[in-house]
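Engineer: Starting from the known structure of chain X, fit chain W onto it as the hints suggest.
So the chains spell out like this:
There are 2 protein chains.
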Amino acid sequence: MRTHYCGHLNKSLAGQTVELCGWVNRRRDLGGLIFIDMRDREGIVQVVVDPDMADAYEVANQLRNEFCIKLTGVVNARPESQVNQDMATGEVEILAKGLEIINRSDVLPLDFNQKNSEEQRLKYRYLDLRRPEMSDRIKLRAKASSFVRRFLDENGFLDIETPVLTKATPEGARDYLVPSRVHKGSFYALPQSPQLFKQLLMMSGFDRYYQIVKCFRDEDLRADRQPEFTQIDIETSFMSAEQVREKTEAMIRQMWQELLNVDLGEFPIMSFEEAARRFGSDKPDLRNPLELVDVADILKDVDFKVFSGPANDEKGRVAVIRVPGGAALSRKQIDEYTNFVGIYGAKGLAWMKVNDRAAGFEGVQSPVAKFLNEEVVAQLLERTQAETGDIILFGADSKRVVTEAMGALRLKLGTDLELTDKAAWKPLWVIDFPMFEEDDEGNLHAMHHPFTSPLGLTAEELIANPASANSNAYDMVINGYEVGGGSVRIHNAEMQSAVFSILGIEADEQKAKFGFLLEALKFGTPPHAGLAFGLDRLVMLLCGTDNIRDVIAFPKTTAAACLLTNAPSLANPASLEELAIAVTAAAKAAEETQAKDAE
Amino acid sequence: MRTHYCGHLNKSLAGQTVELCGWVNRRRDLGGLIFIDMRDREGIVQVVVDPDMADAYEVANQLRNEFCIKLTGVVNARPESQVNQDMATGEVEILAKGLEIINRSDVLPLDFNQKNSEEQRLKYRYLDLRRPEMSDRIKLRAKASSFVRRFLDENGFLDIETPVLTKATPEGARDYLVPSRVHKGSFYALPQSPQLFKQLLMMSGFDRYYQIVKCFRDEDLRADRQPEFTQIDIETSFMSAEQVREKTEAMIRQMWQELLNVDLGEFPIMSFEEAARRFGSDKPDLRNPLELVDVADILKDVDFKVFSGPANDEKGRVAVIRVPGGAALSRKQIDEYTNFVGIYGAKGLAWMKVNDRAAGFEGVQSPVAKFLNEEVVAQLLERTQAETGDIILFGADSKRVVTEAMGALRLKLGTDLELTDKAAWKPLWVIDFPMFEEDDEGNLHAMHHPFTSPLGLTAEELIANPASANSNAYDMVINGYEVGGGSVRIHNAEMQSAVFSILGIEADEQKAKFGFLLEALKFGTPPHAGLAFGLDRLVMLLCGTDNIRDVIAFPKTTAAACLLTNAPSLANPASLEELAIAVTAAAKAAEETQAKDAE
Numbered sequence: 183m184r185t186h187y188c189g190h191l192n193k194s195l196a197g198q199t200v201e202l203c204g205w206v207n208r209r210r211d212l213g214g215l216i217f218i219d220m221r222d223r224e225g226i227v228q229v230v231v232d233p234d235m236a237d238a239y240e241v242a243n244q245l246r247n248e249f250c251i252k253l254t255g256v257v258n259a260r261p262e263s264q265v266n267q268d269m270a271t272g273e274v275e276i277l278a279k280g281l282e283i284i285n286r287s288d289v290l291p292l293d294f295n296q297k298n299s300e301e302q303r304l305k306y307r308y309l310d311l312r313r314p315e316m317s318d319r320i321k322l323r324a325k326a327s328s329f330v331r332r333f334l335d336e337n338g339f340l341d342i343e344t345p346v347l348t349k350a351t352p353e354g355a356r357d358y359l360v361p362s363r364v365h366k367g368s369f370y371a372l373p374q375s376p377q378l379f380k381q382l383l384m385m386s387g388f389d390r391y392y393q394i395v396k397c398f399r400d401e402d403l404r405a406d407r408q409p410e411f412t413q414i415d416i417e418t419s420f421m422s423a424e425q426v427r428e429k430t431e432a433m434i435r436q437m438w439q440e441l442l443n444v445d446l447g448e449f450p451i452m453s454f455e456e457a458a459r460r461f462g463s464d465k466p467d468l469r470n471p472l473e474l475v476d477v478a479d480i481l482k483d484v485d486f487k488v489f490s491g492p493a494n495d496e497k498g499r500v501a502v503i504r505v506p507g508g509a510a511l512s513r514k515q516i517d518e519y520t521n522f523v524g525i526y527g528a529k530g531l532a533w534m535k536v537n538d539r540a541a542g543f544e545g546v547q548s549p550v551a552k553f554l555n556e557e558v559v560a561q562l563l564e565r566t567q568a569e570t571g572d573i574i575l576f577g578a579d580s581k582r583v584v585t586e587a588m589g590a591l592r593l594k595l596g597t598d599l600e601l602t603d604k605a606a607w608k609p610l611w612v613i614d615f616p617m618f619e620e621d622d623e624g625n626l627h628a629m630h631h632p633f634t635s636p637l638g639l640t641a642e643e644l645i646a647n648p649a650s651a652n653s654n655a656y657d658m659v660i661n662g663y664e665v666g667g668g669s670v671r672i673h674n675a676e677m678q679s680a681v682f683s684i685l686g687i688e689a690d691e692q693k694a695k696f697g698f699l700l701e702a703l704k705f706g707t708p709p710h711a712g713l714a715f716g717l718d719r720l721v722m723l724l725c726g727t728d729n730i731r732d733v734i735a736f737p738k739t740t741a742a743a744c745l746l747t748n749a750p751s752l753a754n755p756a757s758l759e760e761l762a763i764a765v766t767a768a769a770k771a772a773e774e775t776q777a778k779d780a781e
Numbered sequence: 183m184r185t186h187y188c189g190h191l192n193k194s195l196a197g198q199t200v201e202l203c204g205w206v207n208r209r210r211d212l213g214g215l216i217f218i219d220m221r222d223r224e225g226i227v228q229v230v231v232d233p234d235m236a237d238a239y240e241v242a243n244q245l246r247n248e249f250c251i252k253l254t255g256v257v258n259a260r261p262e263s264q265v266n267q268d269m270a271t272g273e274v275e276i277l278a279k280g281l282e283i284i285n286r287s288d289v290l291p292l293d294f295n296q297k298n299s300e301e302q303r304l305k306y307r308y309l310d311l312r313r314p315e316m317s318d319r320i321k322l323r324a325k326a327s328s329f330v331r332r333f334l335d336e337n338g339f340l341d342i343e344t345p346v347l348t349k350a351t352p353e354g355a356r357d358y359l360v361p362s363r364v365h366k367g368s369f370y371a372l373p374q375s376p377q378l379f380k381q382l383l384m385m386s387g388f389d390r391y392y393q394i395v396k397c398f399r400d401e402d403l404r405a406d407r408q409p410e411f412t413q414i415d416i417e418t419s420f421m422s423a424e425q426v427r428e429k430t431e432a433m434i435r436q437m438w439q440e441l442l443n444v445d446l447g448e449f450p451i452m453s454f455e456e457a458a459r460r461f462g463s464d465k466p467d468l469r470n471p472l473e474l475v476d477v478a479d480i481l482k483d484v485d486f487k488v489f490s491g492p493a494n495d496e497k498g499r500v501a502v503i504r505v506p507g508g509a510a511l512s513r514k515q516i517d518e519y520t521n522f523v524g525i526y527g528a529k530g531l532a533w534m535k536v537n538d539r540a541a542g543f544e545g546v547q548s549p550v551a552k553f554l555n556e557e558v559v560a561q562l563l564e565r566t567q568a569e570t571g572d573i574i575l576f577g578a579d580s581k582r583v584v585t586e587a588m589g590a591l592r593l594k595l596g597t598d599l600e601l602t603d604k605a606a607w608k609p610l611w612v613i614d615f616p617m618f619e620e621d622d623e624g625n626l627h628a629m630h631h632p633f634t635s636p637l638g639l640t641a642e643e644l645i646a647n648p649a650s651a652n653s654n655a656y657d658m659v660i661n662g663y664e665v666g667g668g669s670v671r672i673h674n675a676e677m678q679s680a681v682f683s684i685l686g687i688e689a690d691e692q693k694a695k696f697g698f699l700l701e702a703l704k705f706g707t708p709p710h711a712g713l714a715f716g717l718d719r720l721v722m723l724l725c726g727t728d729n730i731r732d733v734i735a736f737p738k739t740t741a742a743a744c745l746l747t748n749a750p751s752l753a754n755p756a757s758l759e760e761l762a763i764a765v766t767a768a769a770k771a772a773e774e775t776q777a778k779d780a781e
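Residue numbers (the working numbering), protein chains in the order written: chain X, 183 to 781; chain W, 183 to 781.
Chain X on its own, in the form it takes in the complex (with noise of 0.2 Å):
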């Protein structure tokens, strides 16, 4: 129904008549002339209806905004002076021959021309979705999944599908389930990723394996996580973990290359262990300039025990971020930065302003300079690199709480004080992670996931020193967002076995849960090593947008609940009498209660 679209108009088509279908942007009514601004998918153009064209001048007099319109009109080249800058299409405008409308429009319940709850934009999502701003992201979505098939299909990664009614695996979330009309009683679960099914693949000789699929997660939401989300999962027979990163590095670097024209240049590899001691944090943000600076050594003997506990205690930590112009901080948002790092468990927040460097001890102001010296303060400033009219904040607890504290601060002070480089780009793979975490209770659990192998041991090492051992896993970082991580798996059935061993799994345990798994490796399995990328988080970082709901068609609240179509909803009665399950009565109570709000 047309020969173009509108945002594609330029003045290379002067004089050409063009057939256009869209929608109603704007219309204006101007010296007896109406000016309308159509809008498409491609962009916005004006189109110009003179009253001499009688019957296009009656229809548009009757246009409202977003009505649904096809237009016949000539181009025409603006002159110079009237060009508008601020549109693409500013150079042309439409001489309007004729005009139709294809459908009217109520008056939209979201106002484009000012910011609505998002409570209303996710309600009507589909009108939001008009807005340029929102699908330019969900266009650049597309582009980025177009660019990473178009690359993987030319690198030999063939593109194989996973069930995704499956069965419950261990990967730490929680399962959504899929109650069985056929198997009463039984569940299948959605795929928190596929991660069995593409080692299986590997097994089968596919040696190259990618997919972009949609993942489950049951757990309780932040702002960039969804119910389901959607992982470009990879997988190599063959290739080292060096290879496999170069090859998906590769991916990223030309992405950005050609969706932004940016060069992201080579990432920079580092430690899991450097990372957590530099920045506080497994996916530090480069962009960012602070630092944390271990400062035990200096005070360890000093007559504070909240500084020479932690210091002299191997599972302590006392670090400081020096703070570049912190001495203008005031009183009151030191103590807010204190109740801050008190979230992640930090009982205060000791403090050092360098008021006259040169001066060094007697330059300092703190309140806890009483407890410090001469030497430990001139120790200080030399290992921080402090300079007047810095601040140096100090961190002492243990290990994990100094770390998490300190690396959480690090960001709210790069973002508070205007720090942290918006603009840069600073992506870095972590490798070298421990393979196994231990919780309160002594029990080791895995850190990637049990399938991961661990890096240059025998499982006779493994077993016999479990919490000390790495993983040959890696996750890659922009930003300070982990949008990859992936590892070697384990490919002997002795090593799976130790691992599953040791986060507790029993013999017999392993058989029902893993039999499948520990017997297909009993077959030549080939050495293998996989990534799976975060689509949505990319694409976030993509748009410049931190709310993960922005580059998703339709999302789901935080409360995991679909406002335009409202789903989840209550099932008919003879649904769960085939499926032989019954919503228990707390569940009834519950819906009560929603059918109430609902009244």
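The hints are simulated quantities; they were obtained by calculation from the structure and are not laboratory data.
Mixed in with the good hints there might be a few duds.
Which copy? The list can't say, so a pair holds if one copy fits it or any two copies do.
[As the list claims (entries may be wrong)] In silico DSS-like links for lysine-lysine, alpha-carbon gap of 25 Å or less:
no., residue 1, residue 2
1, Lys514, Lys529
2, Lys770, Lys349
3, Lys594, Lys514
4, Lys252, Lys704
5, Lys695, Lys770
6, Lys325, Lys429
Structural biologist: Chain W in isolation, oriented as in the chain X frame:
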């Protein structure tokens, strides 16, 4: 770890040292040499290990089938006389220099040299997929997906993801339900198709959408159905039915050209009425030359109620199939066909053999000859163009029974008598479907889905006479398979509401279930149309298999189970408690039976 794939080696590489990774497909000792057929995903190459290469020879001696190995060797062009024509790499062999066992293999539970039961193949799917026949299918599927995406990307379609956790839709089949933990007592449904979301995307102005997407139906399964299946989902705005057909036909034609080097030609277009009349099917297999021929007018006055009854009933039908050479059918064969049409409700299968065409009435043989006369027989022979040696088979009953029974018989005869040209490709479009079907209680059901636009009718006209309305829907059929179907959609609220009413969905229910759609239709909805292809079926056709499980990496059985992972399985009671659901008593009994069976 490799320089080449086994399957890519050829004599242009003669003299080069190559490194290969793969599996022992076969090992033979012959005249002191060891020959290894080495396999990777691209094919098989023959490796020769000479006892002179002592280290490699010693390793080769340990090899068994399916060991995973790494080989360093030199490519040797075979002399012309020793070229193996049966192997793609038959013009070379590799002289082993170094050989390494990467991973050993137990004896496989599948024997690749014989046919294994489908149960065993599904249980050890990862091994079955090592067979080149199977891996080639999965590779062809990847190529097909990749082609489709490339084609649609190039044609301005945007790949946009729609939710998997969504609201129950009325597509006709049973939904899979997913209990919500946050909204206890409520359920998500897995989508039977993204129908409403893609329509909403058109309302957002995305203009051209596609997605290759998993869809779900909890139905009892047949050989060509799976609980989860993959759809190539397409929607466009401002395009007519003809334009959608043209675009998607071009895609399929180019797909066959690129993947099979087959020219499908232009697709004929046939009305639903003609397809039912001539072929007894809405998805006629045009490779089969047999046709149904209506003869009610010829038989309406015969003194045989079985014929004259339906011939004079406007809801009846009398049709024949002339089978060339069919006079040779034995009485036993005819009895079998009589039983066969009985499945479809036919009460018998009258026949007439043409022993001597020139002799007219005297030349035919039939148990019902006594009810016919010279003129009737002459007219039958004339209309069917029967020749000596043919048989004419009669169907006389209600329209539905005759159409279904004779349509099915046509297919069976085509196969049994080898009349169907298995090597041919016969695509077509079927259009002009009835808008509604009537069930036995006289209720109307949407033949496509309730969002399909009627053909050339206003809402008032549709309401006045719904049973006779046609829809603006179209199906693509290839070789008797419906590979795709779509329609022009309803794009105004009044028409949509009229269709819901005709389907017996009252105003209240319309509001509760489809309120968001009816509301969305008020805001300048563009005219839109689309189509969805069944990717699994397309790939089945491309691969020349009629088992859908052959083209899915990890399929489910007809009982909707995964024999590899044993999904579905019992859920953790704590999980069910969190979800506020309970398995009912009946299901628990079934559970116990299951558990007993397992012992």
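Engineer: Hints first: check each against the structure and report whether it holds.
Structural biologist: Cross-check of the supplied hints:
For a Cα distance limit of 25 Å, the shortest separation of Lys514 from Lys529 inside one copy, 17 Å, qualifies, whereas the shortest one across copies, 93 Å, does not. Proximity of Lys770 and Lys349 under a CA criterion of 25 Å is satisfied inter-copy only: 19 Å between copies versus 28 Å inside one chain copy. Taking identical chains as interchangeable, the C-alpha atoms of Lys594 and Lys514 lie at most 25 Å apart only when both belong to the same chain, with a minimum of 16 Å there against 87 Å between chains. For the identical chains of this complex, Lys252 and Lys704 are inter-copy neighbours only, at 17 Å across copies versus 65 Å inside a copy, given an alpha-carbon limit of 25 Å.
In this homomeric assembly, Lys695 and Lys770 come within 25 Å of each other (Cα to Cα) only across copies, at 21 Å, whereas the closest approach inside a single copy is 33 Å. Taking the shortest Cα distances, Lys325 and Lys429 sit within 25 Å of each other both inside one copy (20 Å) and across copies (21 Å).
Of the numbered hints given earlier, the model fails none.
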